[in-house]
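Since chain A is already given, all that's left is putting chain B on it; use the hints.
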Amino acid sequence: KQEVTQIPAALSVPEGENLVLNCSFTDSAIYNLQWFRQDPGKGLTSLLLIQSSQREQTSGRLNASLDKSSGRSTLYIAASQPGDSATYLCAVSPHTNAGKSTFGDGTTLTVKP
Amino acid sequence: DAGVIQSPRHEVTEMGQEVTLRCKPISGHNSLFWYRQTMMRGLELLIYFNNNVPIDDSGMPEDRFSAKMPNASFSTLKIQPSEPRDSAVYFCASSLGGAAGYTFGSGTRLTVV
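Protein chains in written order, with the numbering used here: chain A, 455 to 567; chain B, 261 to 373.
These aren't lab readings, by the way, just hints derived from the structure by calculation.
Ideal placement from N, C-alpha and C gives every residue a C-beta, glycine not left out.
Wrong hints could be hidden among the right ones.
[As the list claims (entries may be wrong)] Some chain B residues near chain A, calculated using beta-carbon distances under 7 Å:
| no. | residue |
| --- | --- |
| 1 | Gly288 |
| 2 | Ser291 |
| 3 | Gly302 |
| 4 | Tyr308 |
| 5 | Gly361 |
| 6 | Phe364 |
| 7 | Gly365 |
[Said to hold, decoys possible] Below, simulated EDC-like cross-link-like pairs (lysine to aspartate or glutamate); rule was C-alpha separation at most 16 Å, straight line:
| no. | chain 1 | residue 1 | chain 2 | residue 2 |
| --- | --- | --- | --- | --- |
| 8 | A | Lys566 | A | Glu471 |
| 9 | B | Lys338 | B | Glu322 |
| 10 | A | Lys554 | B | Asp317 |
| 11 | A | Lys496 | A | Asp538 |
| 12 | A | Lys522 | A | Glu471 |
| 13 | B | Lys328 | B | Asp316 |
| 14 | A | Lys566 | A | Asp521 |
| 15 | A | Lys554 | B | Asp316 |
| 16 | A | Lys554 | A | Glu457 |
| 17 | A | Lys554 | B | Glu304 |
| 18 | B | Lys338 | B | Glu271 |
| 19 | A | Lys455 | B | Glu304 |
Isolated chain A, as found in the complex (with noise of 0.2 Å):
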């Protein structure tokens, strides 16, 4: 059964610096990963989905890898701002199943002006 595990769980940053959110999972048999955003009492938006054959995507200030050997990806932000405050999670779609993805719990992130 695929786990996939977010740490931290809660991270807070000044404005302006750059940092990185973990998610690993332990099935490297996967079909995609797909990061998102949810704000509190919101729903999920999509930030960026990388397929099992890619090893990065990039949109604007965000870039995600995939190393799947590992069970890892990350999601770098740049430059951060008190609008990327959201929390972010990861889902891990498995190459038997692709319609059931696994979601990690998230990290909170607050950054503060």
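What follows is chain B alone, placed relative to chain A:
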């Protein structure tokens, strides 16, 4: 496109009552997912459909829960009878196939008193 549309946004009901949650996926998406999110258990997949057919309902907690997708543009999740432990935020998501990444709706916050 208006995205994934869920209704109602909030639902408060008494224990024992029937509750029906509704979802309209993004036009052209052929996979639809129902998730439940709680503080204790995080985000859990309840059931998902491909081309209107239920593929995996192993996450449905018990027989009180049922889901239907009568056509490509509409799905319901029904709880009958509802119990206080069903209180959670229920999300619907859709995708162009299970591995293509998800788009989530804004969720329905259900409170059973």
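Quiz item: Out of the numbered hints, which ones does the structure contradict?
Solution: 1, 12, 14
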